[in-house]
Structure formats: structure tokens, C-alpha cells
Amino acid sequence: MTSVQLEVLLQTLISGLLLGGLYALIGIGMTLIMGVMKIINLAHGELMMVAMYIAYVLFSSFHIDPYLSILIAAPALFGLGVLLQKYLINPVLKVEAIIPENQVILTVGIGMVLANIATIIFSSDYKTTPVEYATKAWYLSDYWRESPIELSLSMPWSVSFCVALVITASLWFFLTKTDMGKSIRATAQDKDAALLMGVNVERMRVFTFGLGSALVGSAGCLFIPIYYLYPDLGGQFTLIAFVITILGGLGSTVGAIVGGLILGVFESLTATYAGMGWAPVGRFMIFVAALIFVPGGIMSLFKKRRLGK
Amino acid sequence: MKRLTLIILIAFALSLSASTLFAAETFDLVIPLPLTGKQAKFGEMMKRSYEIAAEEINAKGGIKKKKLNLSFEDSGAKPETARAIVEKLIDTKKQPLIVGEYTSSCAKAVAAVAEERKTPYLVVASADDDITRQDYKYVFRQNAVNAHYADGLVSFIKNVAKPKTMAILYESSAFGNSGADAMEKDAQKIGVKVVLKEKYEAGSVDFKPLLSKVKAARPDVIYMVSYVMDASLLMKQIKELRVDAKLFAGGAAGFAIPEFIDNAKDAAEYVVTASLWCFKMKLPGAKEYAEKYKKLYGDYPSYHGASAYSALYVVKDALERAKSWTPDGIRDALKATNISTAFAAIKFENKEGYQNQNFMDTIVMQVVNGEHECVYPDNVANQKYVFPIPTWRERR
Chain E
1 MTSVQLEVLL
11 QTLISGLLLG
21 GLYALIGIGM
31 TLIMGVMKII
41 NLAHGELMMV
51 AMYIAYVLFS
61 SFHIDPYLSI
71 LIAAPALFGL
81 GVLLQKYLIN
91 PVLKVEAIIP
101 ENQVILTVGI
111 GMVLANIATI
121 IFSSDYKTTP
131 VEYATKAWYL
141 SDYWRESPIE
151 LSLSMPWSVS
161 FCVALVITAS
171 LWFFLTKTDM
181 GKSIRATAQD
191 KDAALLMGVN
201 VERMRVFTFG
211 LGSALVGSAG
221 CLFIPIYYLY
231 PDLGGQFTLI
241 AFVITILGGL
251 GSTVGAIVGG
261 LILGVFESLT
271 ATYAGMGWAP
281 VGRFMIFVAA
291 LIFVPGGIMS
301 LFKKRRLGK
Chain R
1 MKRLTLIILI
11 AFALSLSAST
21 LFAAETFDLV
31 IPLPLTGKQA
41 KFGEMMKRSY
51 EIAAEEINAK
61 GGIKKKKLNL
71 SFEDSGAKPE
81 TARAIVEKLI
91 DTKKQPLIVG
101 EYTSSCAKAV
111 AAVAEERKTP
121 YLVVASADDD
131 ITRQDYKYVF
141 RQNAVNAHYA
151 DGLVSFIKNV
161 AKPKTMAILY
171 ESSAFGNSGA
181 DAMEKDAQKI
191 GVKVVLKEKY
201 EAGSVDFKPL
211 LSKVKAARPD
221 VIYMVSYVMD
231 ASLLMKQIKE
241 LRVDAKLFAG
251 GAAGFAIPEF
261 IDNAKDAAEY
271 VVTASLWCFK
281 MKLPGAKEYA
291 EKYKKLYGDY
301 PSYHGASAYS
311 ALYVVKDALE
321 RAKSWTPDGI
331 RDALKATNIS
341 TAFAAIKFEN
351 KEGYQNQNFM
361 DTIVMQVVNG
371 EHECVYPDNV
381 ANQKYVFPIP
391 TWRERR
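Protein chains in written order, with the working numbering: chain E, 1 to 309; chain R, 1 to 396.
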């Protein structure tokens, strides 16, 4: 392997891991909601879009850095999630319907409404938050002069990656070490038993939906410095989150991280060695392969299908 | 008493002449345009430009002393609507010539109607090659066709950059494919080897794997066919990876509009792009028109506006030369057009399988100090191009 080939491979892996970290944070909110409530939230990407618009408004009107706006956007999304769950999804869950998955259809509707509201308020133009550090990067040759290969590590991508890891780690800590987290896991594992043990299942569900929304909200804030924003952006990220959830195993946080990283690296490798037009194809190959060969997700391979572990 | 009668008589005569002035001394022109829908932004720009031109023409005495009276009909960029509007204009209003429309699909529909009813149609800003390749006798086009859009850029690459190799990146769509194929052919013609031709999905997040591959191939020129957001992301990530090339070139679309610079910031510096027109170019009238537009509406127009503005001057010129203001009279006059406008020199020719097509010089713009400057060809450039460009490491 020549040094050029090595450089391409290493750079591809770096991009793949950084992308995977972000994918993981997008996927983790969905996997949490799916694990606890057994519903597929197809408005997931749209919730991310809402958070991105919050970050955009904060940036353009108050010059608040998108990373700092996590502190505002995440609680806001938590509130939005709670409201959606309490007043829209819960009532539908209680109704006996001909189609058992009517909440899924409801979430699709919520997504459409959110996207259309965004179009009305912000128009369908592309928006960006042009931050100073958008194209800043660290280069291997700056630190090691004789380096035969040149690798670069983008600053905003790395920051997003690290923040995503911190958020995921604190979520893991929350789910395994706190009372509330344990109650959520109990609800996920066995709703009726949890109810008998005195867990307020209804409240846990509302809380979980809020938490899942807050997570994808922070993913949105981490995403906006490196990407851009338009009202219909949600769909593609809902799909990514869905693939990660299936890949990682429903309801598994660690599974979501592993799934996200695998997807990111796989996409980057396909882009480099098969052509970038093939990247979406690669994504769905993984999806189908996961459904066929590891139907319980990667975490089922370790025989520990418990939320948070 | 006598005096009073005289005054009344004079007043009567005046009012009579005034009313005839309004009744017969105007030339009504209804222009179909997209004023709603996705293309409304361009339709609006063209409408304003037509109005500026009409005002100027009327201030200088109109066309053969007739006032040019403009009005607009919204087609919403829908071919059926455009078709219906034009049928009405020709059949009931007996308008002897049609000007306008924007999207190629609408222009195609209008061209078919105009040809069928033997009424001349001047295409202003629709670029699809087919419109003037159908042996139509009544359809004229003043803007360059897609196939010749990058002529200026290709000549710049050949004469200034003199590269040996090229990489082509394009979005996987009809627009991306045709742009990439055209450039590949042009590259072969000027003896440049295409070492990499790769497509990507529009809206992608991470181009870095693709760009690492480009970096490894070390092309002299990187040519990209993209819309604005992909264009900015591509340049940003090229900067991040320090992919160096002699020249970064864009195939218009996303690279030629100010939003590209707003989003890509310093990563956009020195990128060249093909374009039809730039308000900074040295062309008599271009600057005056652009400044007037900016004063009225706050920003500079793109080539769509310039072409619309100039179209009315082409119409004026043709009407002044026409033997009669009938469709055929105007058609013959249009055919003999040979004038220079604020948009380009305009002359309708039959060649390369096109009929009544204006073969204008297309230009090259380069981003210098955060602004698009017209740098090529030399006779219209407002500034010398920057070449060779510094490497990313040297830039800081």
C-alpha cells in the first residue's frame, strides 16, 4: 500500500468516525423512544429541524454560537416533545383503531405539520449559520513536519463528535445510575411489572419522549455549523435514525452508538471505494442485512438487550 | 365671448389629441412570466428589468413615437398556463410578437404556439438546447444555450490554466449529468485528460471521502457542477482537506450567485465559474442598468434581469426597422437584428443546427476578495484574473 493509498484510507476512516458520532446522537433519541414506548417516531428528523431553526434564529438575531444554543434548544425541544406526547400521541395510543400502528401515522402527520410551519415562517430558502471556525482544521503535517502523509481533522466536526460523546455518556449514566433512569428502563422492559412496582408509567413515557426530542435537538445544534438548513431536511435524518435504531437494536443506547459509527464508517468507505453515488445504496444494504442477519440488532449479539447496558 | 369659444375649442382639440394619444399612440405588450411559485424570484427580477427598460424607452420618446405600454401575466412556471396566456394574446389581443417566459419547459410550450400561429417569439432566458433546434422560423433566442454556456470557461482553462488533468464532480441529476458530460467532451477537445468523474447525491453531508480520492488523483483542475448549498459545502471541505489544484472551477448554477460566497466564505476565494453576464463587466450600458436596478430594489441583478432589460431594446430596434407591425414584418426585422445591448451583442444566426440563435460570448467570473469579478475574456473583464492561485497552506 503506497502512502497515498494509506492517506486516502485513513482520511476516509476519520471522516467516517466523525460522521458516525453525529449519526449516533441522531439515532439515540429515536432508539430511546422506540424502546420505551414501542412506537416509531417518524417525526424525529423534523424535531431536529425545529431545533436547527431555533439555533439559526438565536445565531442570526442574538449572535449566540450554535453550540451554546444547545442549552436553549434542547430544553425547548424537551418541552415540545412532552406536549406532543401528552396531548397528541397518548390520546391516540388509548384509542382502539383498525390499524394498530395509528400512532406511527400520527407522527408522520406531526412531521408534515412541523415542516410546513417552518416553510411558512422561514420560507423554503436555505439558511446557514456562518460561524468563524466553519472550515478550521488541524493538520498532521503542522505537528509532525516529516510526515509522509497529510491528514486533517476538522474542528467543528470534532467538536460535534466530542459533544455527542459527552451527551451519550451522560445519558448512559442517567439511565443506569439514577432512580428516574431506572424507572425508564423498567418501563421499557416490562410496562405492567413497572406499574405494579409503583413506577408512574404514564409520566415516564411523557418524560422519555421529551428526552428523545431533546437529544435529537442537541444533534441539530451540533449539525448546523457543518451543514445547512431548510424545512424539508427532516426526512433524510429520520431515515438515518431509523436505520441506526434497527442496526443497533431497539432501545439500546450503546447499540445506537455502535450502529451510528458502523453506518458512518461504512458510508464513507462506500463513498471512497465504490463512488459517492453509492452511499445511499450502502445505507440500505446495511439496513436490509441487519434485518435479515441480526434482527435484534448488534446488541443482541451480546445477549444483553437491556436499555442502557 | 370669442375668446371663450377659442379657449373651449383649444381645450377640446387638446383633449381630443390627448385621448387619441392614449388610444392609438401606444404599443401594448403583454409579457408572460412566472410571478408565483418556485421561479417567482427570477420572474420578479425580470419584470422589474422590463419595467426599467420600458421607462427608459418611453422617456426617450417611445418606439416610433408610440408609448410602450407593458403589462404582465403570471404563468406560475406552468407550461399549460403559459400556453393558454400566449394563445389568448395572439388570438384575441392580436399581439404581433411575444416576449418573455423563463423556464425552458414554458418557453418550449410558448415557442410551439408562436410557431403554429406564425407570430415571432423572443426567448429571453431559457437555456434548453432544443428550443431553437426544431426548425422554427418564428422563434428567436438571445441568451446562450446550455451547450455553449461554458465556452468562456473552457477557453479560459485552455488559454490561461493550461492543465493536463481534470477531475469532474457533479450531482446525480439531469442537470449534473448534462453539465459533466459537456465538460468531459470539451476537455477532450482541448486535450485535457479527465482522471476522475464522480457523481454525488445532492444534499450530502460529508464529501470528504470523495475529496480524499480527488486529492490522491492530483488533478490540475477540479470542475464541479452543483447547486449552491452543495457548492459551498464542497469548497469548505476542499479547504478543510487542503485539496490543492491549479484551478477550482464551477459550472455556473450554484457557483455564480452571491449566496455561494456568503456560505463558503473564504473557501470560495479564487473559484472561477462560467456565467453569461456580470454587472461589473465592461459592456456599454451594463453598469448603468445594474446601478439603476440596485437603487430601486436594493441588490444587483443577475443575467436574467439583464437579458430581460435588453430584450425590450431588441424589440424596439426590430419595431423601428420593421416595414409593417405585422407578425411577418416584425419577424423579418428581428431576423436582421445586429445590435449591442447591456446584456450582449445580439445577432440571430442559423448554425450548428440552431435557428435564429444568438451566439454570445460567455464570460468567466472569479471570486476575488469575497466578490465575483468578471475576469475573462479580456475585452469585457473588469479585473485581471488571479492565476496561479496560492495553495491552501499559503493562504491562512
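Warning: the hint list may mix true and false statements.
[As the list claims (entries may be wrong)] Quick list of the computed label-pair ranges, beta carbon to beta carbon:
#: 1; chain 1: R; residue 1: T26; chain 2: E; residue 2: I120; range: 36 to 44 Å
#: 2; chain 1: R; residue 1: D91; chain 2: E; residue 2: S60; range: 48 to 56 Å
#: 3; chain 1: R; residue 1: N369; chain 2: E; residue 2: T119; range: 50 to 58 Å
#: 4; chain 1: R; residue 1: Y300; chain 2: E; residue 2: F62; range: 28 to 36 Å
#: 5; chain 1: E; residue 1: Y126; chain 2: R; residue 2: K282; range: 42 to 50 Å
#: 6; chain 1: E; residue 1: K136; chain 2: R; residue 2: R133; range: 44 to 52 Å
Don't read these hints as lab results, they were simulated from the structure.
We put the CB at the ideal spot given by N, CA and C, even for glycine.
Note whether the CB distance of Y126 of chain E and K282 of chain R lies within 42 to 50 Å or breaks it. 33 Å Cβ-Cβ, so the 42 to 50 Å window is violated.
Is the hinted range of 28 to 36 Å satisfied by the C-beta distance from Y300 of chain R to F62 of chain E? holds, 30 Å
Does 50 to 58 Å hold as the CB distance between N369 of chain R and T119 of chain E, or does it fail? The hint (50 to 58 Å, Cβ to Cβ) is violated, given that N369 of chain R and T119 of chain E are roughly 35 Å apart.
How does the Cβ-Cβ distance of T26 of chain R and I120 of chain E compare with 36 to 44 Å: does it lie in that range? 41 Å Cβ-Cβ, so the 36 to 44 Å window holds.
Tell me if the beta carbons of D91 of chain R and S60 of chain E are separated by a distance inside 48 to 56 Å. holds, 50 Å
Indicate whether the distance between the beta carbons of K136 of chain E and R133 of chain R respects the range 44 to 52 Å. holds, 49 Å
The structure fails hints 3 and 5 (numbered hints given earlier, in ascending order).
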